[in-house]
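Chemist: Next come the chains, spelled out residue by residue.
Number of protein chains: 2
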Amino acid sequence: MRFSKMYAKTLKETPKDAEVISHQLMLRSGMIKKLASGVYTYLPLGYKALKKVEKITREEMDRAGSQELFMPVLQPAELWKETGRWDAMGPEMMRLKDRHDRDFILGPTHEEVITDIIRNDISSYKSLPLSLYQIQTKFRDERRPRFGLMRGREFLMKDAYSFHANDESLDEEFENMKAAYTRVFERCGLKFRSVEADSGAIGGSGSQEFHVLAESGEDEIIYCNTCGYAANLEKAESVVKEEIVETKEELAEVELKDTPNVAKIDDVCEYFGIPASKTVKAITYMDTLSLKVYMVLQRGDYEINEVKLKNLVDETDLVMLSDADLVAHNLIKGYMGPYNVELGDIILVADESVTKMINHTAGGNKVDTHYVNVNYGRDYTAHIVGDVRSVRAGEGCPRCNEGELESARGIEAGHVFKLGKKYSESMGATYLDENGKTNIMTMGCYGIGVSRTMAAAIEQNNDENGIIWPMSIAPYLVDVIPANIKDADQLGLAEKLYAELNDKNIDTVIDDRKERPGFKFKDADLIGFPIKLIVGRGAKDGLVEVKIRKTNEAFEVKAEEVISFIEELIAKG
Amino acid sequence: MRFSKMYAKTLKETPKDAEVISHQLMLRSGMIKKLASGVYTYLPLGYKALKKVEKITREEMDRAGSQELFMPVLQPAELWKETGRWDAMGPEMMRLKDRHDRDFILGPTHEEVITDIIRNDISSYKSLPLSLYQIQTKFRDERRPRFGLMRGREFLMKDAYSFHANDESLDEEFENMKAAYTRVFERCGLKFRSVEADSGAIGGSGSQEFHVLAESGEDEIIYCNTCGYAANLEKAESVVKEEIVETKEELAEVELKDTPNVAKIDDVCEYFGIPASKTVKAITYMDTLSLKVYMVLQRGDYEINEVKLKNLVDETDLVMLSDADLVAHNLIKGYMGPYNVELGDIILVADESVTKMINHTAGGNKVDTHYVNVNYGRDYTAHIVGDVRSVRAGEGCPRCNEGELESARGIEAGHVFKLGKKYSESMGATYLDENGKTNIMTMGCYGIGVSRTMAAAIEQNNDENGIIWPMSIAPYLVDVIPANIKDADQLGLAEKLYAELNDKNIDTVIDDRKERPGFKFKDADLIGFPIKLIVGRGAKDGLVEVKIRKTNEAFEVKAEEVISFIEELIAKG
Numbered sequence: 001m002r003f004s005k006m007y008a009k010t011l012k013e014t015p016k017d018a019e020v021i022s023h024q025l026m027l028r029s030g031m032i033k034k035l036a037s038g039v040y041t042y043l044p045l046g047y048k049a050l051k052k053v054e055k056i057t058r059e060e061m062d063r064a065g066s067q068e069l070f071m072p073v074l075q076p077a078e079l080w081k082e083t084g085r086w087d088a089m090g091p092e093m094m095r096l097k098d099r100h101d102r103d104f105i106l107g108p109t110h111e112e113v114i115t116d117i118i119r120n121d122i123s124s125y126k127s128l129p130l131s132l133y134q135i136q137t138k139f140r141d142e143r144r145p146r147f148g149l150m151r152g153r154e155f156l157m158k159d160a161y162s163f164h165a166n167d168e169s170l171d172e173e174f175e176n177m178k179a180a181y182t183r184v185f186e187r188c189g190l191k192f193r194s195v196e197a198d199s200g201a202i203g204g205s206g207s208q209e210f211h212v213l214a215e216s217g218e219d220e221i222i223y224c225n226t227c228g229y230a231a232n233l234e235k236a237e238s239v240v241k242e243e244i245v246e247t248k249e250e251l252a253e254v255e256l257k258d259t260p261n262v263a264k265i266d267d268v269c270e271y272f273g274i275p276a277s278k279t280v281k282a283i284t285y286m287d288t289l290s291l292k293v294y295m296v297l298q299r300g301d302y303e304i305n306e307v308k309l310k311n312l313v314d315e316t317d318l319v320m321l322s323d324a325d326l327v328a329h330n331l332i333k334g335y336m337g338p339y340n341v342e343l344g345d346i347i348l349v350a351d352e353s354v355t356k357m358i359n360h361t362a363g364g365n366k367v368d369t370h371y372v373n374v375n376y377g378r379d380y381t382a383h384i385v386g387d388v389r390s391v392r393a394g395e396g397c398p399r400c401n402e403g404e405l406e407s408a409r410g411i412e413a414g415h416v417f418k419l420g421k422k423y424s425e426s427m428g429a430t431y432l433d434e435n436g437k438t439n440i441m442t443m444g445c446y447g448i449g450v451s452r453t454m455a456a457a458i459e460q461n462n463d464e465n466g467i468i469w470p471m472s473i474a475p476y477l478v479d480v481i482p483a484n485i486k487d488a489d490q491l492g493l494a495e496k497l498y499a500e501l502n503d504k505n506i507d508t509v510i511d512d513r514k515e516r517p518g519f520k521f522k523d524a525d526l527i528g529f530p531i532k533l534i535v536g537r538g539a540k541d542g543l544v545e546v547k548i549r550k551t552n553e554a555f556e557v558k559a560e561e562v563i564s565f566i567e568e569l570i571a572k573g
Numbered sequence: 001m002r003f004s005k006m007y008a009k010t011l012k013e014t015p016k017d018a019e020v021i022s023h024q025l026m027l028r029s030g031m032i033k034k035l036a037s038g039v040y041t042y043l044p045l046g047y048k049a050l051k052k053v054e055k056i057t058r059e060e061m062d063r064a065g066s067q068e069l070f071m072p073v074l075q076p077a078e079l080w081k082e083t084g085r086w087d088a089m090g091p092e093m094m095r096l097k098d099r100h101d102r103d104f105i106l107g108p109t110h111e112e113v114i115t116d117i118i119r120n121d122i123s124s125y126k127s128l129p130l131s132l133y134q135i136q137t138k139f140r141d142e143r144r145p146r147f148g149l150m151r152g153r154e155f156l157m158k159d160a161y162s163f164h165a166n167d168e169s170l171d172e173e174f175e176n177m178k179a180a181y182t183r184v185f186e187r188c189g190l191k192f193r194s195v196e197a198d199s200g201a202i203g204g205s206g207s208q209e210f211h212v213l214a215e216s217g218e219d220e221i222i223y224c225n226t227c228g229y230a231a232n233l234e235k236a237e238s239v240v241k242e243e244i245v246e247t248k249e250e251l252a253e254v255e256l257k258d259t260p261n262v263a264k265i266d267d268v269c270e271y272f273g274i275p276a277s278k279t280v281k282a283i284t285y286m287d288t289l290s291l292k293v294y295m296v297l298q299r300g301d302y303e304i305n306e307v308k309l310k311n312l313v314d315e316t317d318l319v320m321l322s323d324a325d326l327v328a329h330n331l332i333k334g335y336m337g338p339y340n341v342e343l344g345d346i347i348l349v350a351d352e353s354v355t356k357m358i359n360h361t362a363g364g365n366k367v368d369t370h371y372v373n374v375n376y377g378r379d380y381t382a383h384i385v386g387d388v389r390s391v392r393a394g395e396g397c398p399r400c401n402e403g404e405l406e407s408a409r410g411i412e413a414g415h416v417f418k419l420g421k422k423y424s425e426s427m428g429a430t431y432l433d434e435n436g437k438t439n440i441m442t443m444g445c446y447g448i449g450v451s452r453t454m455a456a457a458i459e460q461n462n463d464e465n466g467i468i469w470p471m472s473i474a475p476y477l478v479d480v481i482p483a484n485i486k487d488a489d490q491l492g493l494a495e496k497l498y499a500e501l502n503d504k505n506i507d508t509v510i511d512d513r514k515e516r517p518g519f520k521f522k523d524a525d526l527i528g529f530p531i532k533l534i535v536g537r538g539a540k541d542g543l544v545e546v547k548i549r550k551t552n553e554a555f556e557v558k559a560e561e562v563i564s565f566i567e568e569l570i571a572k573g
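Chains C and X, in that order, give the protein sequences.
Under this note's numbering, think of the first position of the first sequence as 1, with each following residue one higher.
Under this note's numbering, think of the first position of the second sequence as 1, with each following residue one higher.
Hints may be right or wrong, so weigh each one.
Label-pair distances were calculated between CB atoms; the ranges are [said to hold, decoys possible]:
1) X:T10 to C:R102: 28 to 36 Å
2) X:D503 to C:F565: 29 to 37 Å
3) C:G518 to X:L432: 20 to 28 Å
4) X:K126 to C:M89: 48 to 56 Å
Which bits of chain X does chain C cover? Going by a derived footprint, with three or more residues having C-beta under 8 Å, they are [unchecked claim]:
5) 31-37
6) 285-296
Honestly, the hints are just simulated from the structure, not real lab data.
Glycine included, C-beta positions come from ideal geometry on N, C-alpha and C.
Given these sequences and hints, build the entire structure.
Modeler: Here's what the structure looks like:
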């Protein structure tokens, strides 16, 4: 591709509304263009990278024995009513009516459609197991689309679905898919971790996420520095090695203390001269569907994990109470506590840690007051007790009991999940077994965010000059730059090498624009070509320069050897 | 691929609601599955064929210098309001609102989006010409979706758009695209014709359709048996060599005749003993938007071409008057005519041929009556006179004036079109020329129905047993069939040849199912594998049979030579 003809409109300035680096760099390098909030066009350079991620994904899914199909974007409402998701899905699902006033949705996922196909086509155990996948555009009307391709409203997903006669077969496919996903992210040249994730009712190893590691990642993941244990923060457990609580302390009498303007945990600690581990904080939530209100108690130095909380109280959409809601419930912001409180309908929830504390401080339920020497059991009890604590780096590994947990930031790019019979049961996807008996199929589902993986690759690989594409997904691998386009030697040699690289099927650009070399280098670094092949003054002596984007290494190479030199660089990845 | 694992649910019976052969065969061979009216899933076999058409299209567009991008399905209403198409598009355009109540559409085409991109990114003549394409799902809410993939509501298109500084540049790209399209359809192994099509205001060679020839085609195309002239029926012109009208006949007096139960042209001819060329028929239309009513006069042996009529009267949505509408306008069905008629607001339109007739018959405007010896000019005149006649095979070529026109049926699979400044003007896509002056860009657009081409390939290539895929787009090229799977020699040789074909990257299936050979042959013919490689009793002597689906030829070949034999067959195409 000739740069002079290439659709690549690079920008010097960072667009204002781009918050994360991948979004900024993709806009600046002319890879994507916003059409509407959360809706982007992939311009030629961006689409080439996207297609490479797509191709790697397709090859590894094929290799894993999954068969590709292509399901529609438009899905009739009837199928979603069968599974109950027509009502359960909120405004994130995009809905429309056709000219005959029939309800349709734009597929955010395809469990209903694939299960409908399978229940019609498959009837015997002989056809199982079966794994099918597609690479298709998905739609999700995010409340606040942001971060460019990371959280858009229209995005590219690989979604796979497997059907089985029994759990052992599902377990096998689950492992098969984990291996395929590992190959996908490895081939994309990314640093990643697979972590245990929350799987609701199924539990065990039924849900694993693949996170591309990047400091800008939205998610925190926890992993053991000794064994292979890794989980996302919602799912992570730990062993707290060093309990600060002194179990031998005698229970003291509760006292109400005046604490003027001492509302935050830090202030309470300072005021009383105690560690946060001797305080209890109370946070109130309401579920927007059930409308139940919960006061949740946590040890002052621990955080509440809202996913664990949702699972514990069996709610789906918890939000913190607003100031107005607090007033309506006679609760005093900053001074709430479990002792001497008028709960009314409020359900009191305590993290396990709270029940083990001795003589803790708690809000006085009046402005500017706190109780000291409060004790769970003696002074109050909660309606529900359980683990709602966020794990922290430095705590002990719950798996090997030896290692220490570390923490990293990640971008969720893949997810493998044992669905079980949720959809096959409600939609009647059954098969006849060896004995002619009707059984319900067991299912798995497996997703890779193709466009998100592309963005995550940039989040992980960039510097102040631009993108640093991994070789395998770079739109072009080599940028041939004749330093002085008016010099016939330089231009001639550059054109010759460009032709040779094309003959080797290496995706190559020649920067034939009438611009200064510095200008060209800037564009090359912004777009992120892994290799620059600079044909400068050395051309007359048969010498060229190879510069590696990632390491910034530069090599002077003989022109006749440079093609094989580049081939080796590419082979090394 | 092993047939035992392959997702290929073939049906013996033809599904009831499938009217055309491609639809029937794709359902029966398990290539597609209906999800909703006009909305289909591509099952693995069908998707493999579709991807091959897609790949050929992509390669030829790349070769033609067009750059691939990928625009969203969701398009904001604002862009369509700029061009006026938000109002102009009827219920065929699918519309929806997002969670913030903003209007969006599901792209039926992308002129607005691409023009928006270009007006923002391109400002100089130096960046022109520019050609961009995408292969993307389109949405069109057909009033009556039918014919399977031929006229669906969600379908795959390749659409390209070009931008130019002047008409000469557009002309060049137009020819470049025509050549690319020719290569696409040639490589797909299809018999096709490119024909001139109606291009509204632009005229000339500004619009060409590519039709895949098939007797079941919806469109009639006209071509000269001598020169290269070809046009669709709407656009076709002709020279009528032998005028039946005897221009020397004297004008006679108009007479009203009783013609009981003589309402049709054939009956009129029989009743009066005259040829149809001496009669005039009158047909009434109303435009559903302007609500104007037209009475159109045509020579009895000619047909009215509704596209020519629309262009002549400048209307967009003409429909024939219903019986009730006729009554409301005091018109008598079967006995309408231009003489002694109370037209009121009705606009009278005459085909040119009518104005040259002498002493013609026409409806009497009363039940069971006709006038004879009516003459245009003397007895009546029309408000509008023009060519609204459908050309017929057998007439003379208007281009070379020597050949005779022939007719064929086709399926429109491609269209190249000079858009001119329609979108660039309304949306302000301008550039600065060499002199720094602002000019409006000129545009072209170019479409290929990718899914429709796949269906058209089947319409053109099938027999009573099933599909006959062209080599280049067959989901698999070879079906290796061990005749007796329990015979170790046969199975062993079949597996060996299957592995060798895979090593050669030839898409191959081995039918390892425990079924009788006849059963396997039926499936193979239905799915349409171009080559069957049958490993039967000859296996023990090192002989196998190769059967060609298209010609039904069978060859006995030595096992060690069969791979190269098959390679030669494939190379021949």
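Chemist: Hint by hint, say whether it matches the structure.
Modeler: Going down the list of hints, with the structure as the test:
1. X:T10 to C:R102: 28 to 36 Å: Since the Cβ atoms of T10 (chain X) and R102 (chain C) sit about 30 Å apart, the hinted range of 28 to 36 Å holds.
2. X:D503 to C:F565: 29 to 37 Å: 31 Å, holds
3. C:G518 to X:L432: 20 to 28 Å: Roughly 26 Å apart at Cβ, these two residues keep to the hinted range, so it holds.
4. X:K126 to C:M89: 48 to 56 Å: 49 Å, holds
5. 31-37: Held - the segment 31-37 of chain X has 3 residues with a Cβ nearer than 8 Å to chain C, which meets the minimum of three.
6. 285-296: violated (count 0)
Violated hints amount to a single one, hint 6; each of the other numbered hints is respected by the structure.
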